[in-house]
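Sequences and hints are given; from them, build the entire structure.
In the order they appear, the protein sequences are chains A and B. Counted from 1, the first sequence has number 157 at position 157 by this note's numbering; the numbering is strictly sequential. Heads up, this note's numbering is the position in the second sequence plus 303, with the first residue counted as 1.
Incorrect hints may have been included.
In silico DSBU-like pairs for lysine-lysine, Cα to Cα no more than 35 Å straight-line [claimed, not checked]:
| id | chain 1 | residue 1 | chain 2 | residue 2 |
| --- | --- | --- | --- | --- |
| 1 | A | Lys3 | A | Lys264 |
| 2 | A | Lys188 | B | Lys537 |
| 3 | B | Lys491 | A | Lys188 |
| 4 | A | Lys186 | B | Lys320 |
| 5 | A | Lys69 | A | Lys204 |
| 6 | A | Lys6 | B | Lys507 |
| 7 | A | Lys107 | B | Lys491 |
| 8 | B | Lys410 | B | Lys537 |
It should be emphasised that the hints constitute simulated quantities derived from the structure, not laboratory data.
2 protein chains.
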Amino acid sequence: MAKNFKELLSKVSECSKKTLAVACAQDQAVLEAVKEANERGIASSILVGDEEKIREIAASINMDLSDFKIINVVDTVEASLAAVKLVHDGEADMYLKGLLDTKTFLKSVLDKEVGLRTDKTLSHVCVFECEGIDRLLFLTDVAFLPYPTLEDKVAIINNTVEIAHACGIECPKVAGMAAVEVVNPKMKETVEAFELSKMQDEGKITGCIVDGPLSMDCALYPHACEEKGCLDRKVPGNADILLFPDIQAGNLVYKTFVHLVPSKNGNILTGTKAPVILTSRADSCEVKVNSIALAAVVAEKLK
Amino acid sequence: MAKNFKELLSKVSECSKKTLAVACAQDQAVLEAVKEANERGIASSILVGDEEKIREIAASINMDLSDFKIINVVDTVEASLAAVKLVHDGEADMYLKGLLDTKTFLKSVLDKEVGLRTDKTLSHVCVFECEGIDRLLFLTDVAFLPYPTLEDKVAIINNTVEIAHACGIECPKVAGMAAVEVVNPKMKETVEAFELSKMQDEGKITGCIVDGPLSMDCALYPHACEEKGCLDRKVPGNADILLFPDIQAGNLVYKTFVHLVPSKNGNILTGTKAPVILTSRADSCEVKVNSIALAAVVAEKLK
Numbered sequence: 001m002a003k004n005f006k007e008l009l010s011k012v013s014e015c016s017k018k019t020l021a022v023a024c025a026q027d028q029a030v031l032e033a034v035k036e037a038n039e040r041g042i043a044s045s046i047l048v049g050d051e052e053k054i055r056e057i058a059a060s061i062n063m064d065l066s067d068f069k070i071i072n073v074v075d076t077v078e079a080s081l082a083a084v085k086l087v088h089d090g091e092a093d094m095y096l097k098g099l100l101d102t103k104t105f106l107k108s109v110l111d112k113e114v115g116l117r118t119d120k121t122l123s124h125v126c127v128f129e130c131e132g133i134d135r136l137l138f139l140t141d142v143a144f145l146p147y148p149t150l151e152d153k154v155a156i157i158n159n160t161v162e163i164a165h166a167c168g169i170e171c172p173k174v175a176g177m178a179a180v181e182v183v184n185p186k187m188k189e190t191v192e193a194f195e196l197s198k199m200q201d202e203g204k205i206t207g208c209i210v211d212g213p214l215s216m217d218c219a220l221y222p223h224a225c226e227e228k229g230c231l232d233r234k235v236p237g238n239a240d241i242l243l244f245p246d247i248q249a250g251n252l253v254y255k256t257f258v259h260l261v262p263s264k265n266g267n268i269l270t271g272t273k274a275p276v277i278l279t280s281r282a283d284s285c286e287v288k289v290n291s292i293a294l295a296a297v298v299a300e301k302l303k
Numbered sequence: 304m305a306k307n308f309k310e311l312l313s314k315v316s317e318c319s320k321k322t323l324a325v326a327c328a329q330d331q332a333v334l335e336a337v338k339e340a341n342e343r344g345i346a347s348s349i350l351v352g353d354e355e356k357i358r359e360i361a362a363s364i365n366m367d368l369s370d371f372k373i374i375n376v377v378d379t380v381e382a383s384l385a386a387v388k389l390v391h392d393g394e395a396d397m398y399l400k401g402l403l404d405t406k407t408f409l410k411s412v413l414d415k416e417v418g419l420r421t422d423k424t425l426s427h428v429c430v431f432e433c434e435g436i437d438r439l440l441f442l443t444d445v446a447f448l449p450y451p452t453l454e455d456k457v458a459i460i461n462n463t464v465e466i467a468h469a470c471g472i473e474c475p476k477v478a479g480m481a482a483v484e485v486v487n488p489k490m491k492e493t494v495e496a497f498e499l500s501k502m503q504d505e506g507k508i509t510g511c512i513v514d515g516p517l518s519m520d521c522a523l524y525p526h527a528c529e530e531k532g533c534l535d536r537k538v539p540g541n542a543d544i545l546l547f548p549d550i551q552a553g554n555l556v557y558k559t560f561v562h563l564v565p566s567k568n569g570n571i572l573t574g575t576k577a578p579v580i581l582t583s584r585a586d587s588c589e590v591k592v593n594s595i596a597l598a599a600v601v602a603e604k605l606k
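Spelled out as structure tokens, the structure:
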């Protein structure tokens with residue numbers, strides 16, 4: 001069970017080396033990340049995109065391209081479709097966004113012929129290692145689904161539990177997050193979190209334990225549960241997966257974690273046939289490498 | 304202008320010493336906080352409550368009660384009304400919650416005869432000093448109003464701007480927080496944040512600059528605004544007041560700040576005739592003392 005990114009990386013080293021298909025690889029930050037992922041044995045990459053620009057950028061960062069396969073496709077849409085097809089056809093194990101807008105990238109992911117669509121709802125998970133927390137935290141959905149319905153939330157839980165399983169967490173604890181840890185009929189978020197908890201009791205959600213509503217302190221700290229008299233909860237301060245009521249709460253907490261909490265993170269899109277990495281330009285090289293590592297353990301599990 | 308709690312405390316020392324009325328003071332954490340506030344010259348206190356218990360607890364923590372006026376009222380409701388009346392009548396400058404439930408305490412605050420009600424909407428603000436941020440951050444409303452309307456949000460801004468002014472921040476920058484920094488018609492929170500920004504442009508909100516929607520990174524960091532091409536915003540990464548769309552987002556971020564961000568905080572209720580301190584049992588002595596200091600500078604301003 002990976003409790004931090006160091007352990008996740010050592011888990012990767014136990015897997016066969018994975019191959020990453022990169023859409024529009026002509027981007028310095030992306031090339032730096034795939035270079036590091038290659039050097040550290042996490043994944044090799046097939047670089048799809050503008051070969052001339054890729055070679056130019058690689059030269060400027062002293063990157064030896066002899067280890068990398070390059071497929072020259074200059075057009076952005078065509079490059080994304082060519083890259084995703086590599087994953088679709090099994091020539092690569094995971095798919096990384098390069099220098100193209102998120103909309104075009106997602107279109108390739110969802111392409112009916114060469115994409116990675118399944119019958120599952122797509123969702124996003126960001127995995128954090130935080131100072132003071134002795135386990136990985138899976139924050140979801142903080143970037144993709146704006147206002148998930150109850151049904152969407154079940155899908156998000158199922159997607160995220162699969163990721164947690166891949167990280168070696170056998171029975172992840174899911175916390176339905178809210179402002180308070182008791183059901184308040186005037187707060188629909190608390191009612192819905194409790195619904196999800198009941199669904200797990202009834203066997204409609206499996207492979208995990210779901211509890212809710214839980215406030216941030218009660219989800220993370222047993223001592224907070226003790227102070228508030230709720231140590232008898234199903235998830236008494238030991239949540240692995242933090243399920244947010246909507247994207248406003250999720251994203252605001254997520255960016256607080258990224259910018260203000262001493263932490264490391266990596267993130268992937270879930271519910272796809274193979275792991276998809278949708279990091280943003282603002283993400284550091286470390287975040288991109290952590291995301292590739294996360295994708296690698298998920299790819300191993302999906303095999 | 305106070306940029307951290309040290310500067311806020313030195314601001315307090317420039318004010319005349321304030322008097323705190325405590326409702327149901329028979330609580331160890333509360334007595335420790337008022338003892339420290341007294342010793343540090345922040346405020347003296349009138350302790351209303353069960354005198355026998357107050358003396359018992361004081362003895363157990365070696366607290367010399369000769370500096371404190373004690374008013375013996377054993378009944379909780381009566382004690383709260385007696386304590387709030389001291390503030391209502393001008394015998395004390397601010398009002399602190401002791402060992403009683405929030406509902407009873409708030410009932411005394413809102414009491415028509417002896418309470419501290421004004422025609423303003425009540426709201427709550429939590430003030431943070433965070434590592435890596437060179438100014439105080441005012442998070443609101445994270446604990447009191449569950450789903451503020453646009454009108455409520457105007458009231459929250461006005462209440463909080465008054466607190467920021469009291470802390471010496473002449474023209475506080477208010478960020479209407481959301482998951483994204485651009486208006487998305489499908490996200491009502493972003494539309495409402497933009498509405499508030501327009502209202503400030505039109506002079507309907509004064510004494511501050513309001514911008515929105517802003518994501519957490521764009522509200523806090525000029526470099527994030529630069530990367531996202533929005534350095535021309537009214538609040539380009541230098542927000543003082545973070546206005547949350549609702550209590551789910553606000554409270555989840557607030558508790559992340561408290562528990563995971565290296566930080567100090569203090570909080571008060573606003574919109575009342577005099578500052579009201581509504582700290583919870585879980586708050587540390589430091590939080591309570593910071594809150595008393597914050598209340599003291601506000602009381603000085605309201606004089």
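A quick look at each hint next to the structure:
As the CA atoms of A/Lys3 and A/Lys264 are separated by approximately 12 Å, the hinted pair is consistent with the 35 Å bound. Proximity of A/Lys188 to B/Lys537 is assessed by CA-CA distance (about 34 Å); at most 35 Å being required, the pair is judged to hold. With a C-alpha separation of about 17 Å, the suggested pairing of B/Lys491 with A/Lys188 holds against the 35 Å cut-off. At most 35 Å may separate the alpha-carbon atoms for a hinted pair to count; A/Lys186 and B/Lys320 exceed this at roughly 42 Å.
A hinted pair counts as satisfied when its Cα atoms are at most 35 Å apart, and A/Lys69 with A/Lys204 does not qualify at roughly 45 Å. Taking the CA atoms of A/Lys6 and B/Lys507, the gap is near 53 Å; set against the 35 Å cutoff, the hint is violated. With a CA separation close to 26 Å, the supplied pair A/Lys107 and B/Lys491 stays within the 35 Å bound. A threshold of 35 Å between alpha carbons decides the hint, and for B/Lys410 with B/Lys537 the separation of about 39 Å lies outside it, so the pair is violated.
Against the hints set out earlier in the document, violations occur for numbers 4, 5, 6 and 8.
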